[in-house]
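So the sequences go chain by chain: D and P.
Here our numbering is used: the first residue of the first sequence is 312, the next is one more, and so on.
Here our numbering is used: the first residue of the second sequence is 2, the next is one more, and so on.
Worth flagging that the hints you see were computed from the coordinates, not collected in a lab.
Any given hint might turn out to be false.
Just a few of them, taken from the derived set where beta-carbon distance is under 8 angstroms, the chain P residues facing chain D [what the hints assert, rightly or not]:
#1 L33
#2 Y35
#3 N39
#4 R128
#5 I131
#6 A173
#7 V190
#8 T251
#9 S262
#10 W266
#11 P328
#12 H334
#13 Q337
#14 L417
#15 K425
Okay, the calculated beta carbon distance ranges per label pair [claimed, not checked]:
#16 I338/D x T415/P: 42 to 50 angstroms
#17 V19/P x I338/D: 19 to 27 angstroms
#18 F108/P x T357/D: 47 to 55 angstroms
#19 L320/D x E414/P: 53 to 61 angstroms
#20 T357/D x L42/P: 29 to 37 angstroms
#21 N414/D x N116/P: 27 to 35 angstroms
#22 L33/P x Y422/D: 25 to 33 angstroms
#23 N414/D x I445/P: 45 to 53 angstroms
#24 N414/D x V19/P: 46 to 54 angstroms
#25 K79/P x L331/D: 31 to 39 angstroms
For glycine and all other residues, C-beta sits at the position ideal for the given N, C-alpha and C.
Chain by chain, the residues run as shown.
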Amino acid sequence: MDKLLSIDLAKKIFYGSILLSSFIFLILSTHTLLTLSKLEHHKNLTPQVVLGKRVWEKYHCVGCHTLLGEGSYYAPELSNVYQRRGEVFIKHWIKSMPINLPNRRKMPQLYLTDEELEALIAFLKWTSEINTSNWPPNLQG
Amino acid sequence: MQYLSQAVAKPYFIAAIVIFVVQIVFGLIAGLQYIIGNFLLVVLPFNITRVIHIDLLIIWLLFGFMGSAYYIVPDEAKRELHDIKLAIILFWILVVTTVLMVASYLFFSYATLNNLTGNNWFPTMGREFIGQPIFIKLGIMVVIAGFVYNIGMTIWKSQKTIINLALFIGFASSIIFYLFSLYSSDNVVIEKYFNAWVIHLWFECSWELIMVAILAFIMQKLTGSCNHEKMEKWLYIIMAIIVMSGIIGTGHRYFWIGAPSYWQWIGSIFSVLEPLPFFILTVMVFNMIHYRCNSHTNKAATLWVVGTVVVTFLGAGVLGFIHALAPINYYTHGTQITAAHSHLSFYGAYVMLVLSMISYAMPILQSKIYANSTHSQIWEMWSFWLMTASMVFIALFLMAAGILQVYLQRASETPLPFLVIQEKIYLFYWLRELAGFIFLIGLIIYIVNFFVEEKNSDQ
Ligand code: HEM
Ligand code: HEM
Ligand SMILES: [Fe+2]
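With these hints in hand, go ahead and build the complete structure from the sequences.
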C-alpha cells in the first residue's frame, strides 16, 4: 500500500472521484428530469392541483404525515389516501377534526375554505396517480 | 492554544450545547405526544414540536461544526483567522436567526407564518427538514457563506493541509447544495428530487467530509501524528469513497417518489459502498491509538473519538445499509425503522463528533494546558456512557417498533390501519421515552461537569 499508492495518486483519486461522480449524477439527473417533464401525468397538473400543493404546504401536513414515504411518522401515509378513503370521506374527515377521544393522537381543525379543500383533494388525487413502482405495498400505506 | 483567533470557537461551542438541550427537551415532548394524544395539544401541536426538534438539531450542529473549524483552521494554516470580527458578527446573526425561528414557530400558527413571510409568492415552507420560512433560510445562508469566505481566505494564503481542504470542500459544497432548499416546483416529484440534494447530500457527502477533517485533526493531536503521510493517504481514499457513494447513492431516496425505476438499481448498488468509509475510518482510529507516539492526558476526548467512529459505523453504516436496498426499502420506507436510523446516525456521526471536539478543545480554550482534571474526566466519561447507551436503546426500541409496524401494516396477509398499529406498539414508545430521559440526565451531567464546575474550580 505504502509503495503502491503515493500521496499524489491518492489526491488525484479524490479529485477524480468528485468530478466523475458529479458528472454521472448530473447526466442521470438530466435524464430523470427530461423523463418526468415529458410524462402525461406532468401535463395534467391543473391550477387546482398546484393550489392544492400550496395548501398542503401552508398547513404543514408533512409535519405529521408522510407523502410518498417522506415526512413524519406520526400519522398515516397520504399519497394513496385518495384510494384508501375516497373523496367524500376525506372531506368529511378534515372538517370534523379533532376527534374527541382522550388519548388518541389528534389532528387539528385547519379551517380550510371550500376552495382550499377542493384543491387539496385534487392534489391528493394527482399524487395518488404518480407511477411509484407500486409503492406503498398496499392500501394501508 | 497557539493562535488568539482560535478563541472564537468558544461562544460557538457554548451556543451549540445550549441549543442541544432545548432540542432534546422538544424531542422528549414529541415523544410524549406520540403516546398521549392530548399532551400540550393546544399550545404545541406535534408538527411544531417536531419541526423545532429537527431544526434546532441542524442549527446546533452547524454551530458546533463552525466552532470546530474556527479552532482547527488557524492551527492547521499556521496563521490567525482572516477576520475575527466577521466570525463574531456571524455568530450573533445565527443566534438571532435561531431565536426568531423558534419564536415564530411558537407564537404564530404555521398557516399565519406562511402568510406573513410571503410564502405564497415564494414557496419554501411545508417540507421536511428544509421547510423554514424564507428569512430563516437566508440567515443560515449568509452565515455559512460568510464563514466559508472567512476560512477560505485564511486557508488561501497558507500551506493547504488536507484537513483544511476537506473542511473547505465540505462547507463550500454544503452551501451550493443548500441553494436547492429555495427551489420549488409545482410537480411534487421534481421538488422531492431536488430536496434530496440538500437533505441527503448534506448528511451523506458534505458533512461526512467535515467529519473526516475534524476527526483527523483531533486524532493527530491526541496521538502525536507519528505517521502523518500514511494517515493522509487513507484520508484521501476515505473521502474519495464518501464522495462517490454519497453523490450517486442519493439514488436511495429516489426509489418510490415517482423517479424512473433505474434508480432502484443505482441507489442500491452505490449505497452498498456507503458503510465502507466508516469502516476504514474506524480501523484507522484504532490503529492510530495503538501506534500512538505520545500519550495525551485527555482520556475523555479519546473516548469520544472512538465512540464517534464506532457509533457512526453502527448507526449510519449498519442501520443505513439495512434498509438501503430497494427490495427491503419497499417495506421499510418511511417507518419507525427510518427513525431508528436517523437517531443513531445523527448521534454517532455528528453529535458525538461535536462533543469530541468540545471535549478536546474546550479545556485548552479555558486555558488549562491540555485537559480537565482526572476527576472531571471521569464524570465526563459517565455522561458519555449514559448518553451513548440510551441513544443505542432509543434506536433499538424504534427498530422493534418499526419491525412490528412493517409487519402489521405492509407484510401481513391482513394489513391493519396505521393508527390501530401504533396503539399496539405504544410499549416501545414508552421505553423510548424512558431512554430519552436518561439521555437528558447524561447531557445535564456533561454540562454541569464541563461548563459549570470546571469554570468555577478554575477561578
Ligand atoms: C433523547 C430524546 C429524544 C427523543 C425522545 C426524540 C424524539 C423524536 C420524535 C418523537 C421524533 C419524530 C418522529 C416522527 O416523525 O414521527 C424525532 C425525530 C427526529 N429526531 Fe429525535 N428525539 C430525541 C433525541 C434526538 C437526538 C439526540 C437526535 C440527534 C442525534 C435526534 C434527531 C432526530 C431526527 C434527525 C429526527 C427526524 C427523523 C426522521 O425524519 O427520520 N433526536 N425525535
Ligand atoms: C452520517 C451518516 C448519515 C446520516 C446523518 C443519515 C441520516 C438520515 C436521515 C435523517 C434520514 C431520514 C430522512 C427523512 O426522514 O426523510 C435517512 C434516511 C435514509 N438513510 Fe441515512 N444517514 C446517514 C448515512 C446513511 C448510510 C451510510 C446509508 C446507507 C448505507 C443510509 C441510508 C438511508 C436510507 C436508505 C434512507 C431512507 C429511509 C426511508 O426510505 O425511509 N444512510 N438518513
Ligand atoms: Fe441518504
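Worksheet entry | Violated constraints from the hint list, given by number and in increasing order | Result: hints 1, 5, 6, 10, 11, 15, 17, 18, 23 and 24 break, sorted rising.
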